[in-house]
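**Student:** The lines below spell out each chain.
Number of protein chains: 2
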Amino acid sequence: MTSEERRALSLVVQKYGGSSLADADGIKRVAQRIVATRKAGHSVVVVVSAMGDTTDELHDLALDVSPVPPGRELDMLLTAGERISMALVAMAIANLGFEARSFTGSQAGVITDSTHGKARIIDVTPGRISGALADGAIPIVAGFQGVSAGSKDITTLGRGGSDTTAVALAAALAAQTCEIYTDVDGVFTADPRIVPSARKIPVISYDEMLEMAACGAKVLHLRCVEYARHYDIPIHVRSSFSSREGTWVTGSKAHGTNGPGEHDEQPREDAMDQPIITGVAHDRDEATITVTGIPDKVGIAAKIFREIAEAGINIDMIVQSTSRATGQADISFTLPRQDGPAAMTRLREVQGDIGFESLVFDESIGKISLIGAGMRSHPGVSADFFGALADNGVNIRMISTSEIRISAVVDAADLDEAVSAAHRAFGLDDGRGEAVVYAGTGR
Amino acid sequence: MTSEERRALSLVVQKYGGSSLADADGIKRVAQRIVATRKAGHSVVVVVSAMGDTTDELHDLALDVSPVPPGRELDMLLTAGERISMALVAMAIANLGFEARSFTGSQAGVITDSTHGKARIIDVTPGRISGALADGAIPIVAGFQGVSAGSKDITTLGRGGSDTTAVALAAALAAQTCEIYTDVDGVFTADPRIVPSARKIPVISYDEMLEMAACGAKVLHLRCVEYARHYDIPIHVRSSFSSREGTWVTGSKAHGTNGPGEHDEQPREDAMDQPIITGVAHDRDEATITVTGIPDKVGIAAKIFREIAEAGINIDMIVQSTSRATGQADISFTLPRQDGPAAMTRLREVQGDIGFESLVFDESIGKISLIGAGMRSHPGVSADFFGALADNGVNIRMISTSEIRISAVVDAADLDEAVSAAHRAFGLDDGRGEAVVYAGTGR
Numbered sequence: 147m148t149s150e151e152r153r154a155l156s157l158v159v160q161k162y163g164g165s166s167l168a169d170a171d172g173i174k175r176v177a178q179r180i181v182a183t184r185k186a187g188h189s190v191v192v193v194v195s196a197m198g199d200t201t202d203e204l205h206d207l208a209l210d211v212s213p214v215p216p217g218r219e220l221d222m223l224l225t226a227g228e229r230i231s232m233a234l235v236a237m238a239i240a241n242l243g244f245e246a247r248s249f250t251g252s253q254a255g256v257i258t259d260s261t262h263g264k265a266r267i268i269d270v271t272p273g274r275i276s277g278a279l280a281d282g283a284i285p286i287v288a289g290f291q292g293v294s295a296g297s298k299d300i301t302t303l304g305r306g307g308s309d310t311t312a313v314a315l316a317a318a319l320a321a322q323t324c325e326i327y328t329d330v331d332g333v334f335t336a337d338p339r340i341v342p343s344a345r346k347i348p349v350i351s352y353d354e355m356l357e358m359a360a361c362g363a364k365v366l367h368l369r370c371v372e373y374a375r376h377y378d379i380p381i382h383v384r385s386s387f388s389s390r391e392g393t394w395v396t397g398s399k400a401h402g403t404n405g406p407g408e409h410d411e412q413p414r415e416d417a418m419d420q421p422i423i424t425g426v427a428h429d430r431d432e433a434t435i436t437v438t439g440i441p442d443k444v445g446i447a448a449k450i451f452r453e454i455a456e457a458g459i460n461i462d463m464i465v466q467s468t469s470r471a472t473g474q475a476d477i478s479f480t481l482p483r484q485d486g487p488a489a490m491t492r493l494r495e496v497q498g499d500i501g502f503e504s505l506v507f508d509e510s511i512g513k514i515s516l517i518g519a520g521m522r523s524h525p526g527v528s529a530d531f532f533g534a535l536a537d538n539g540v541n542i543r544m545i546s547t548s549e550i551r552i553s554a555v556v557d558a559a560d561l562d563e564a565v566s567a568a569h570r571a572f573g574l575d576d577g578r579g580e581a582v583v584y585a586g587t588g589r
Numbered sequence: 147m148t149s150e151e152r153r154a155l156s157l158v159v160q161k162y163g164g165s166s167l168a169d170a171d172g173i174k175r176v177a178q179r180i181v182a183t184r185k186a187g188h189s190v191v192v193v194v195s196a197m198g199d200t201t202d203e204l205h206d207l208a209l210d211v212s213p214v215p216p217g218r219e220l221d222m223l224l225t226a227g228e229r230i231s232m233a234l235v236a237m238a239i240a241n242l243g244f245e246a247r248s249f250t251g252s253q254a255g256v257i258t259d260s261t262h263g264k265a266r267i268i269d270v271t272p273g274r275i276s277g278a279l280a281d282g283a284i285p286i287v288a289g290f291q292g293v294s295a296g297s298k299d300i301t302t303l304g305r306g307g308s309d310t311t312a313v314a315l316a317a318a319l320a321a322q323t324c325e326i327y328t329d330v331d332g333v334f335t336a337d338p339r340i341v342p343s344a345r346k347i348p349v350i351s352y353d354e355m356l357e358m359a360a361c362g363a364k365v366l367h368l369r370c371v372e373y374a375r376h377y378d379i380p381i382h383v384r385s386s387f388s389s390r391e392g393t394w395v396t397g398s399k400a401h402g403t404n405g406p407g408e409h410d411e412q413p414r415e416d417a418m419d420q421p422i423i424t425g426v427a428h429d430r431d432e433a434t435i436t437v438t439g440i441p442d443k444v445g446i447a448a449k450i451f452r453e454i455a456e457a458g459i460n461i462d463m464i465v466q467s468t469s470r471a472t473g474q475a476d477i478s479f480t481l482p483r484q485d486g487p488a489a490m491t492r493l494r495e496v497q498g499d500i501g502f503e504s505l506v507f508d509e510s511i512g513k514i515s516l517i518g519a520g521m522r523s524h525p526g527v528s529a530d531f532f533g534a535l536a537d538n539g540v541n542i543r544m545i546s547t548s549e550i551r552i553s554a555v556v557d558a559a560d561l562d563e564a565v566s567a568a569h570r571a572f573g574l575d576d577g578r579g580e581a582v583v584y585a586g587t588g589r
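So the sequences go chain by chain: A and B. Sequential numbering from 147 applies to the first sequence in this note's numbering. Sequential numbering from 147 applies to the second sequence in this note's numbering.
The set of hints was computed from the structure by calculation and includes no laboratory data. Incorrect hints may have been included.
Derived coverage of chain B by chain A (criterion: at least 3 residues anywhere in the stretch with Cβ under 8 Å from a Cβ of chain A; other residues may be distant) [unchecked claim]:
1. 236-243
2. 246-259
3. 365-377
4. 499-511
We treat Cβ as the ideally placed atom computed from N, Cα and C, and that holds for glycine.
Same shape as in the complex, but just chain A (with noise of 0.2 Å):
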């Protein structure tokens, strides 16, 4: 093995969030964190978010100066905020003897396409970053921020785009491991603050963690959990202000890999002993539109969809239901809430065209989902969850499911009790050996 290979082998990407650079004490904090990493002997490559509400007052100050800024110019706002936490965290570990260089997301190589605002990434050409780390320095990258290939103009990832930043940057630099630091433990069985005896998970896997991130759960961003799962590298969501070992997302429970050396602890699971829930995500921002009094042709539930998806919204679950007595149908779908104006405008507009009696737009919804890779292989978690619901009065409205997940739309003043009970039900209260609590649940 070259030195080279033996480098690549204890490099780690650090992330952190803007919760964790708050303020100068944040900054220094962090920085001793990044110098101990170094310290025990790893390469460290760090990704920075904004500083605390920074992005959220410049998007404020756009709002003063114009109702619709152009996403060009929001782009090149937004990114200021990265640029100077880069800055400070590099100035806090020089201050501590070591010598740090940031870099922008254009400098490291962070190459997408050029919708502004949510950005893709498309390729990472992390040149400058490989030759600070030769040099012994340690390179800190503007998270969120890249440029775009045709008109090298600044973009954005969109809202957690600094943790797709960071595993993909992981990837590119064939790292062992991007370590997340947040300012809650990991990731949860539910939200503790609607089930207080909710558990940190210890080990999750890609498949797991997606469906967690697309029902609602906001600890990691979707894109970065897909960019992490095709490249295989492993997610560490922890806290910065603890040492405790936090979540573990991974490609498989059973065989998690190893983190740098001081990461060895990392729990694995026996395979035998999996959950069948792993957890109770939760989302309190989609609405429902429901068209009602559908002529009964073909494809009109084609041309509904269509349109929608020419505006660019992404709808989740639907619902049809046709009356015998006059053949005409119903549909309900959930979309995010906020897409939820644009979508009736566009509805309305081809009312006459697609020929359907009437819109109805409902934002008091909440969408409560079970994840777990172990549900593959137990039939009958549907029905223990739809009891458990209506054991406690929560009316089911729409229904989903995947391979590992089932979804249910309630009413919003009934979401918190859905999760709760659910929580309940499957044992994830009461420590981990959620197979035998399941089956102590009358089943």
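Let chain A serve as the given structure and place chain B on it in line with the hints.
**Tutor:** Quick look at chain B alone, frame taken from chain A:
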């Protein structure tokens, strides 16, 4: 003439300082001014400083995390300020229905050496700016910043650097004129806070403006004027809070270059009428060091000044006096006050080697300078100047002169009185016919 050449002829570069961009309202007002210039038929390239006190605030933040921040990282941090203001100005222009595109110093092709904190522009390759102009867009360029030729690191040009950016871009784009928008109406015959009757100077030569800037007039940065003189770019210094004409800085007062259409009223002066003194500048940011008891040997003075030069400190005025009795000499010199401690430390280190007796550091001084190309052809200006100071009880400690300037070091407490006295004595209070007034003072 090709359309390319016509475009170049009507191109104006406008630079807006931080006080003009202090908040959202300021940004909108600047956007309206830019759009008005465009609507008047000119192509416009805009250079912006950071909003209000942003740069100072970022600097304070840096000192919160590191007492001596590395220059590379400090530059990375400080350049965030212009990134914010340029994007906001571009948005505000878009909101008025015109396309604007913001560019960092690096994107605008401002290539510098690698002296972080006070880099020098070594080349300007404004391909993307020309491209934006060709597309009909208004380029908004971050002032104060560039990218180093070798290491591709972000650099800053030092205080007032945005003025230099504007003039350098005007030269590279063959612009007709460069407008520097600030919060005062132009260059004045003296600081109006000291001399309420000070008048705005309609036209001033590059050489005079260089002397004014070097002698403490803060309205334009020295390097910016050097650049304008070298490339013969007329500068129009004016207020962004009014539409009044400001001060034209040009190659010849008698043959001022016309500005763009709206500025065709630019004043021209008959060379016969040219005043002897154009203005009175003052500087409170200097100090003196006196080295006493220097042995009478060849090369000792050179040794002293070599030490100072090697510490990177520029000295200004020098006075040497030799005692006939002992043969020993005293040398006094002025230097920027902030460099005082470093210079004293350096000289103390070599005291034994050089063999002088003592060092005296004095901060309680001020410098007053008379500037005017007219003094070339009028002997006796010095005598009248010294007479005016003496008549008002001001003691002169050091003197230096150039072809178009006389400077005197006085006690700090006397500085305001000295400025007022000189301004009065040379008739600057009383309208433009200074030569006549000068004759009236008894010469």
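**Student:** Would you mind marking each hint as holding or not holding in the structure?
**Tutor:** Now for the hints, and whether the structure bears them out:
1. 236-243: This one holds; 5 residues, not fewer than the three required, reach chain A with a Cβ under 8 Å.
2. 246-259: holds (count 4)
3. 365-377: Violated - the stretch 365-377 of chain B has 0 residues with a Cβ nearer than 8 Å to chain A, which falls short of three.
4. 499-511: violated (count 0)
In terms of the numbered hints stated before, the structure departs from hints 3 and 4, listed from lowest to highest.
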